[in-house]
Every structure is written in structure tokens, then in C-alpha cells.
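Chemist: Residue numbers (numbering that gives the first Met the number 0), protein chains in the order written: chain U, 0 to 475; chain R, 0 to 492; chain D, 0 to 100.
No lab work stands behind these hints, which were simulated from the structure alone.
Ideal placement from N, C-alpha and C gives every residue a C-beta, glycine not left out.
Watch out, some of these pointers could steer you wrong.
[Unchecked claim] Between beta-carbon pairs, the in silico distance windows are:
1) U:Glu365 - R:Ala64: 53 to 63 angstroms
2) D:Tyr42 - R:Val102: 32 to 42 angstroms
3) U:His265 - R:Gly260: 52 to 62 angstroms
4) R:Val102 - U:Ala319: 53 to 63 angstroms
5) R:Gly337 - U:Glu108: 50 to 60 angstroms
[Said to hold, decoys possible] With a cut-off of at most 30 angstroms between alpha-carbon atoms, the simulated DSBU-like pairs for lysine-lysine come out as follows:
6) D:Lys97 - U:Lys445
7) U:Lys16 - U:Lys129
8) D:Lys97 - U:Lys431
9) R:Lys87 - U:Lys129
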Amino acid sequence: MSKFLTTIGLEVHVQLKTRSKMFCGCSTEFGAAPNTQICPVCLGYPGTLPVMNGAAVRLTVLSGLMLGCRISPYSKFDRKNYFYPDMPKNYQISQYDKPLCLGGSVEIELEGRAKKIGLTRIHLEEDVGKNLHFAHWSGVDFNRAGVPLMEIVSEPDLESAEEAFAYLQALRQILTYAGVSDCNMEEGNLRCDVNVSIRPEGQARLGTKAEIKNLNTFKGVFNALQFEIPRQVELIRTGGRVAQETRRWDADLGQTFSMRTKEEAHDYRYFPEPDLMPVALPEATVAAWAAALPELPRQRRERFSREYGLPEYDAKVLSAEKGVGDYFEKAVRNSRNPKAVSNWVMTDVLRILSERNLDIARFPIEAEALAELVELAESKAINSNTAREVFGILMQEGGTPGAIVAARGLAQVSDAGQVERIVDQAIAENAKSADDYRNGKSVALKFLVGQVMRLSQGKANPQMAGELLERKLKRG
Amino acid sequence: MAASSTLHTASVSDLLAWLDQGKCTSEEAVSDLLAAIRRRDGTLQGYLDVNEEDALAQAKAADAARAKGDSRRLLGVPVAVKDVLNVKGQPCGCGSRILEGYVAPYDATAIARLRAEGAVFVGRTNMDEFAMGSTTENSAYHPTRNPWNLDCVPGGSSGGSAAVVAADEALAALGSDTGGSIRQPASFCGCVGLKPSYGRISRYGLTAFASSLDQIGPMTKTVRDAALLLQVMAGHDPSDSSSLDAAVPDYLAALKSDLSGVKLGLPREYFVGGVDADVEARVQEAIGVCRKLGAKVVNVSLPHTRYAIGVYYIIATAEASANLARFDGVRYGRRAAGAGDPIELYKRTREEGFGAEVKRRIILGTYVLSSGYHDAYYLRAQKVRTLIRGDFDAAFEQCDAILTPVAPMPAYRIGEKSADPLQMYLGDVFTVPVNLAGLCGMSVPCGFTSGRLPVGLQIMGPALGEEAVLRAGYAYEQATDWRSARPPLPGQS
Amino acid sequence: MTETKPAAQPAIDVRYVANLARLDLSDAEVNEFQSQLASIVEYFDQIRGLDVESVEPTAHAAVIQNVFREDVIRPSLSRDEALANAPEHRTELFCVPKIME
Chain U
0 MSKFLTTIGL EVHVQLKTRS KMFCGCSTEF GAAPNTQICP VCLGYPGTLP
50 VMNGAAVRLT VLSGLMLGCR ISPYSKFDRK NYFYPDMPKN YQISQYDKPL
100 CLGGSVEIEL EGRAKKIGLT RIHLEEDVGK NLHFAHWSGV DFNRAGVPLM
150 EIVSEPDLES AEEAFAYLQA LRQILTYAGV SDCNMEEGNL RCDVNVSIRP
200 EGQARLGTKA EIKNLNTFKG VFNALQFEIP RQVELIRTGG RVAQETRRWD
250 ADLGQTFSMR TKEEAHDYRY FPEPDLMPVA LPEATVAAWA AALPELPRQR
300 RERFSREYGL PEYDAKVLSA EKGVGDYFEK AVRNSRNPKA VSNWVMTDVL
350 RILSERNLDI ARFPIEAEAL AELVELAESK AINSNTAREV FGILMQEGGT
400 PGAIVAARGL AQVSDAGQVE RIVDQAIAEN AKSADDYRNG KSVALKFLVG
450 QVMRLSQGKA NPQMAGELLE RKLKRG
Chain R
0 MAASSTLHTA SVSDLLAWLD QGKCTSEEAV SDLLAAIRRR DGTLQGYLDV
50 NEEDALAQAK AADAARAKGD SRRLLGVPVA VKDVLNVKGQ PCGCGSRILE
100 GYVAPYDATA IARLRAEGAV FVGRTNMDEF AMGSTTENSA YHPTRNPWNL
150 DCVPGGSSGG SAAVVAADEA LAALGSDTGG SIRQPASFCG CVGLKPSYGR
200 ISRYGLTAFA SSLDQIGPMT KTVRDAALLL QVMAGHDPSD SSSLDAAVPD
250 YLAALKSDLS GVKLGLPREY FVGGVDADVE ARVQEAIGVC RKLGAKVVNV
300 SLPHTRYAIG VYYIIATAEA SANLARFDGV RYGRRAAGAG DPIELYKRTR
350 EEGFGAEVKR RIILGTYVLS SGYHDAYYLR AQKVRTLIRG DFDAAFEQCD
400 AILTPVAPMP AYRIGEKSAD PLQMYLGDVF TVPVNLAGLC GMSVPCGFTS
450 GRLPVGLQIM GPALGEEAVL RAGYAYEQAT DWRSARPPLP GQS
Chain D
0 MTETKPAAQP AIDVRYVANL ARLDLSDAEV NEFQSQLASI VEYFDQIRGL
50 DVESVEPTAH AAVIQNVFRE DVIRPSLSRD EALANAPEHR TELFCVPKIM
100 E
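Take these sequences, add in the hints, and give me the full structure.
Modeler: So this is what it looks like as C-alpha cells:
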């Protein structure tokens, strides 16, 4: 059986994190009631005109700089003409032949191997409204219409579903680091269209490509490709042809479907947008932005090692996602023990985020609270079990560690006299184990420490308990 | 001062002086104007809608304010507005059925500026649908008649505004000009019409026809009035990215009664024949008057003039085809009933809502942008446009302003040219180059044909050259007295 | 951008172009427009003789660049105001016939 090679190109649309829309002053905030963030401009009322959001241009250039693109010295906008209910003007203001950024690349790492994925271009455009479908009608919400959208087009350098997934993750990392977008596919900040074709190994010419739309998660992109690539292979193997078409991914059924459209090939009739003036950023401006780029993931990783004395592994884990690194830094600001904070974040915090599919932004424990908890544990004010308990309480109920410990009397008992009394009690109540230990069964000590913990409602200082038990039992 | 029953015949400047001197009130002036409208507009049909109650209320408010010492520049002055401009709370129909029901939720910037200076808005004037036409016959509602000859067109697309000013049914009106739509009706009706340089007045709130060509402008009885209105409306607007960030000079200070030191150019390509003999004669006489006023007249050449109409109709229709795509029955305006899917909704709504000329131009514009034709037509036209601009750049090195006829013929009969669109387009030959090059241009009355139809003299100026244009127009106007000729209308006082 | 077709095509495909522009023309209109538009386009063809090889197209009448606005939120239209102009709306949405995707 002949082997097939896969070629994948991704077009990623990223909503930029500006306060207002691309061409008007309406808010871009997510989650507002339908049609409450609209104005005559973004509704396409007669007589209205677009005015460019300077921040959107800056964020696009910033993205280009962070992705190694060439920033175009002269860039302009064009009208892309087509009719659709979510289009307020029935043309979209976009960029056709002179986009803001050209070239660039994203580095991905798979199984220890690095690969450079080329970018073709990055351009700026306005988003469209949202269509909602009901039984006998459709409704349009124009809140989203006019939100600044950055389109990043990759070269067809990706060769597998895994690479595509890695690419999206890497892109997301850089863009969140740049502060350009939250890249949250669930909130619609990031959308992805996939172009995929296959060809027999040895054939230079690329096969016919299919476009897959309606991809709402990174996993969805992965799964869609996992389905589509074999579908195309099977088609060719059985003597069929891959149609050049748009397909829709159905996440529930786990399949792509041809979009049976009355869709003629779009003639977008692009022409320069007469209402907007070209963008020719002075070299000095772009240079100033390049000199002031936000920290890149790699730079942060190195800095975490250096500044906080963290091992390479910790630094890598903590810098993988910007939000997590931000959380860590915030916590560490209030702590004397960065490594301890790192441990807590890497194990407990990340575990919960993963279990609950939660974003760090929604993590219930504030960074300062975590720092306080770490401090309490490191200073031995509480023991490690208590610390876990308090962590759980913070997750469920909130509050602050100090207050919780005080309110519930969870402070570790390290008063020698108190601990000794409980130790004596444990020995008295567990004479057999005490004898076992005296007779050389060292594991009985652990049991006895456990009893001390039980009798003290977990509050005794376990190290002290252990030492005292050892001393007493050896004497005995 | 005239009796209160002739207030409607005043110019804006006259009225301001009388208001200032306490010789009349704004309420009296607006009342008198409304009475004249009632008498005449049944015949002329220059207005689509008159806000009688509202206008009187605005006038009364202006009088009260004036009594308290308010001295805003247009306080209490009534202005008529072409139906293409958004006036908050008013319908804005662009002479079309497709915008039935639409009420503007905002003021166009030009309107807001006039309003801020106390102007009173009297009503909406008739126009060719979406400003596409040269006769106002393309209005979805009814044609407007030329006050000088009721069987004739008033010109277009701002025919309503021109007619009401000429017939003293308005002291001043606003029009819009994309290829001559202020200047040509002004010349056909015998009033003053000014198209400012592109970007001089904000387009925000002007329903777009051709975005790179459109401008709002005043249509008035005198040059001074035009300068006054321009003064108030001109200036940079952050809501319009194409508006010029250039200082607004004192236009009134530019008005002088002589032309010594002024160089006027005559482009040979505009005087080659094919122009009505009377029109040619009146324009030549006007040139003679300018000479007597001290102007030096030089010959210039604008070699690419013959391509201007083609270039204009390619670019204007292309931009219009996109600008009019928004009229689809979804967010405002009229919607066709019974459509089964959105595509059908669009097609039916637009088929029912647009008139023939609008459809023709949308098809032309879509065609010249479409795949396979874009380079040959649209792109090429934009290049020839550069050549046309170059012609003017060179010509204005030799003169301060250029004189030409406004149109090759005077007003023609209603229905005469409506069968052949191309013939009608060719009438724009002298006006479209001004829009293509982004220049300013004004039409001032310069006499009549033997059939007693008005003839206009076009004065073109370089971009931001309104002062030179206003100066030439004012001096000429003051040296002649075409304004005292009034159209033979019923109910004349 | 797009390729240039060699010589002027004999006729505009009025129906095809009308469809692009979402216009539903009657047969009578198609016939009327066909001849009118043909003569207009023929008139346009005049410009094809000019040598514009080295000429830059004019997209804007005035040479302005870098016109931006600050990223600040401005008051919007209220939903009621916006829906007041809507030919049809249901609950909070602009209504259209069902879209089949």
C-alpha cells in the first residue's frame, strides 16, 4: 500500500483584546446581551463611516514582531464584497494585497524535535455578527460585528494533526504572552479554518485541498484532522477524488460533512477601501515597539530559573501558559520560598485546572492566598496535611488561610509539652505497637505517629511527635 | 427692509442682518417661508416633506435665545436639506422606497454644525434616488419642476434643493455633489451651488453614493451665503477619516469686489463646440466681465478631459455598488414580504425597493469590479484618474481658478433624456472632472438663454482653493445682477 | 489581482452580475439593461487605449495616511433605538428567514 503525505495549512482568526471595536467606539466585551453593543457605524446605517482603532493596528504589528514577520511599510484596507445576514454592510473591511505583516514563523516541538512552521501573512479586518438559528427563522446579534480580528495564515507546512495541534498551542502561547488576545476558543476569541490535502509519497504536486470550518476547540481541530486525513486517503485508495469543497466538522458525530451549499465560488470583487486611509507606520515607531516587546515564553523560562532559582523543569512548566506564570509571579511576590510556591502551583493548582478543565483566570484561590498558605506551611505553623485541608477549604469556600486556620483551630501544635502529653497517650493506648517498635519493628513508629495525629485532630507537629516517640520508646 | 410677506425672498445674509437689527423675527421669516411653500410647492414639488410645526417651534426658540443675547452665526435661519443627509429624528430616504420607515438616529456632522449655530431645519428636498441622476426624475416619488419652466427638469441629483432656493421656497439648502449634483441643478435653476474640495466638509451622515467623490455643499441665492454656510460646516471631523485636517480660513474675508491680480484659466477642451450656443455666449460674456474686473485670462489645457465621463462612471458605480449593498431589508428600511431564505429576501427587497437607474448603476459597478474585468475597467480607471488629476495640477500652476460652462445645455424637458442613460451621462462632462480630482467648484448664475432658462458659470479651484473660487464668484456676482430676475411663479409677491 | 480578459466581451451577462449584486431582475429589465449597459461599457472601452503602464492608481482624492482613533469606548445605540428601525425583530435579535448552512 502506498504511503500518503499530508499537507495542512491553518487560517487562524484572533479577536484582538481592545476595549472598543475596530471601526467604532462600541465595547468589545464578551457576554453582553444581544444587540447592546452596537451603534450606527457597526450596524451599517446609511451615512456612517469607519475610523481605524489605533490599538488594533499596534497589536497586530506587535503580533507580527513577536512572530518574526516583516512589517509592511505601506499597508491598506480593502472591501471584500459579499452578502450575508451577519454582515452589516454586506462588505467586510479587510486587507487584500497589502497586509500589515508578511512572512514570519512559529516554532513547534513534538517528541523532542523542533520544527519551524512558516507564516504567509497577518492581516487585520473586522469581525461579523452572529447568526442564531431557530425552528423557522434566524436571528442576528451584531455585538460581535466590528470587533477587530487578526487573521494569521500559515504556510502549508504542517503535516499531521499533532503538528496542527502543537502549532495552535504555540500560537496561543505567543499571542497571550503578547497580551494581544485571550485566545479562548470557547469565548470565540480564536477561530480556525483548516485546509488539508493528501498526496502519494513521491508526488511533488499537492493534492486537492478541502477546507474544514466550524472548529471551536483545539481538540476539535485535532479530531477533525484525525477523521479527515484518513477519509481522504480512503477516498483515493478506492479510486475516488477529493473534492475541492468546504466541509463542516460535527463534533458530536465525530465526522466532517460536505457543506451542500448553493455556494458559487465567491467573487469578492476586492477594491481599496475609500473610507480608510493607508497605514504607513514610521520606521522609528515600529522600532520602538520592537524594542519594547513583551517577554517571550523562552525569556520568561530563563528568568524564572535565574530570578527564583527554580530548576529547569519547574521554569518550563510554569512558563508554558502565560496566565499560570502570571499567577506564580503574583504568589511569589508575597513569599520567601519560590520553590515551595512552584511545587504547589505545579502539582495542586495545575492538577485542579486539568481535572476541571478550568482556565487559571477562573481558579478560585487568589495568588496571594496561595502564597499565604505556603508561608504557613513553610514556617511550620501548620503541617502538610493541614495545609492540604486548608487548600481544600479555600477551593470550596474561599476565605484566607490565616483566618481559616485560626477559626478552626488548625494551627499545628508544636508546643513540646502538649505534644508530649499526646505522645504519652498514644503510647498508653497502643502498648502492642510500642512493644513492636522496642523490639525492632521500625514501621510501628509510623503507626504510632499516625495515632498521635489522630488524637490531636491532625494538628500535632509530626516531626516532633516522631522524635518524642523515638526518645520515649528507646528509654522504655 | 421688505414687509414680512416678502421675507421668504431674502438671502441668508439679509435675514441675519434684519434679525440682528430687530427688524423681524425668525418666526415671521419662517412663517412667511412656509406660506410661500404652501403656495408653490404643489406645483414645483421640490420638497418631499416640510416640518411646519417643528420649524416654527425651532424659530420661536431661536427668537427667545436671540433676545437673551445669543449671537450664533445662523440663529433662526431656515435651511432645507436634501433627503440624502441624516437629520436626527427625521426620515432620511435618499429619494428611494427602500428606505421607507428609516428614521435617522443621529445628525450628520454638517447638520450638527449648522444646528449648533442655531439653524432651523425646514424640510427634506427631492432628489434623484441615491443621488444617481441629473434631472431628479429618478426620485421614487415624483419629479421636481424647474421654477423657470415647469415643463423642464431642475437638474439633479440635488434638483429639489436647487428648485426651492430658486423659487424662494428656501433661503438656502444643502445638496450633495458626486459628479455635478450641486453645480448642474444650480445652473439649471439659476442659483449658486458650491461643491467644496473633497474632504473639506465631513461626509459623516451623508448617505454614500461614491465614497471617494461625494461632498456636501450649500445651494444659496448669493455667493456670500454659500461662503457663510461653508464656514460653518467646513473643518476636520474625527468621524470621517477622509476629512482634511486643514485649517478653515475666513471665507467671508475672501470676498472682494474686484479681480485684480487674479489669473483665470480657460481649458481649451471645454470650449470646442457641442455646447448650446446661448450657454456658450453667456459664459463668454461672463469671462468678459471677469476681464473688466481686472482678472488676467489665460489658456490652459486639460488633455485627458475626454476620458473623464468613462472614468467617472466606472469608479462611481463601482463604489456605489458596494455602498448600496447594505440596503437589504435586515436592519432598517423596507423589507419584501414572503421570502423563504435570506438570498430571496435580499433579491426581492432590492428589486422592489430600487428604481431602474439605481439598478443599472449597481450592475455596472458590480461588473467593472468583477473577476476578469477589474483590471481592464476599475483599476485602469483609477490610473486614468491620476492622469486627470495631473492635468489639473499642471493647469493650476498657471492660474488661480478655471472658468467653464457647467453643462453643455440648459434645462431640458422632463422626459426628454430619460430613455437613453448614456446621453444623460454625457451631460456631466464639465462637472465630473472636479470630483475625480478632488477639487472645489462653484456654479454661479451668468444669465439666460433666449428661452429664458438659466445658465451657470462654473468656477473651479484647486483642492482647498475655495477662497479663490469664492472671490471670483462674488466679484462677478456683484458686477452683474442676475439675482434680481425672479422666475415667473404663481403666488409671487 | 485578477486577470484581464483580452478584448471587450460582446455583452455583459446581466443575469449573472445581477445575482452577484442580489438583484432580482425581470426579463423585461434584463432585456432593457442589456442594450443600455452594452453601449455604456462600449463607451468605457475608450480608456483601454491609454498607456497607463507606469501610472499609480488613485484610490483616494487626497493624500492622507495614518488616520487612527484612540481605543476608547463611546456610547452606543440603545437596543430599543436599533430595533426601532428594524423591519422585523424578535426578542432581542434582527430577524431573517431561516439560514440554511
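Chemist: Hints first: check each against the structure and report whether it holds.
Modeler: Now for the hints, and whether the structure bears them out:
Distance hint check: the CB atoms of glutamate 365 of chain U and alanine 64 of chain R are about 58 angstroms apart, consistent with the given range 53 to 63 angstroms. Checked against the hint of 32 to 42 angstroms, the pair tyrosine 42 of chain D and valine 102 of chain R passes, with Cβ atoms roughly 40 angstroms apart. A hinted range of 52 to 62 angstroms holds for the C-beta pair histidine 265 of chain U and glycine 260 of chain R, which are about 58 angstroms apart. As the Cβ distance of valine 102 of chain R to alanine 319 of chain U is approximately 54 angstroms, the hint placing it in 53 to 63 angstroms holds.
Range check, glycine 337 of chain R to glutamate 108 of chain U: Cβ separation about 58 angstroms, and the 50 to 60 angstroms hint holds. Distance restraint check for lysine 97 of chain D and lysine 445 of chain U: the Cα-Cα separation of roughly 71 angstroms exceeds the 30 angstroms cut-off, and the hinted pair is therefore not satisfied. Taking the CA atoms of lysine 16 of chain U and lysine 129 of chain U, the gap is near 19 angstroms; set against the 30 angstroms cutoff, the hint holds. Taking the CA atoms of lysine 97 of chain D and lysine 431 of chain U, the gap is near 80 angstroms; set against the 30 angstroms cutoff, the hint is violated.
The hinted pair formed by lysine 87 of chain R and lysine 129 of chain U meets the criterion: a straight-line CA distance of about 28 angstroms does not exceed 30 angstroms.
In summary, the structure is inconsistent with hints 6 and 8 from the numbered list given earlier, while agreeing with the others.
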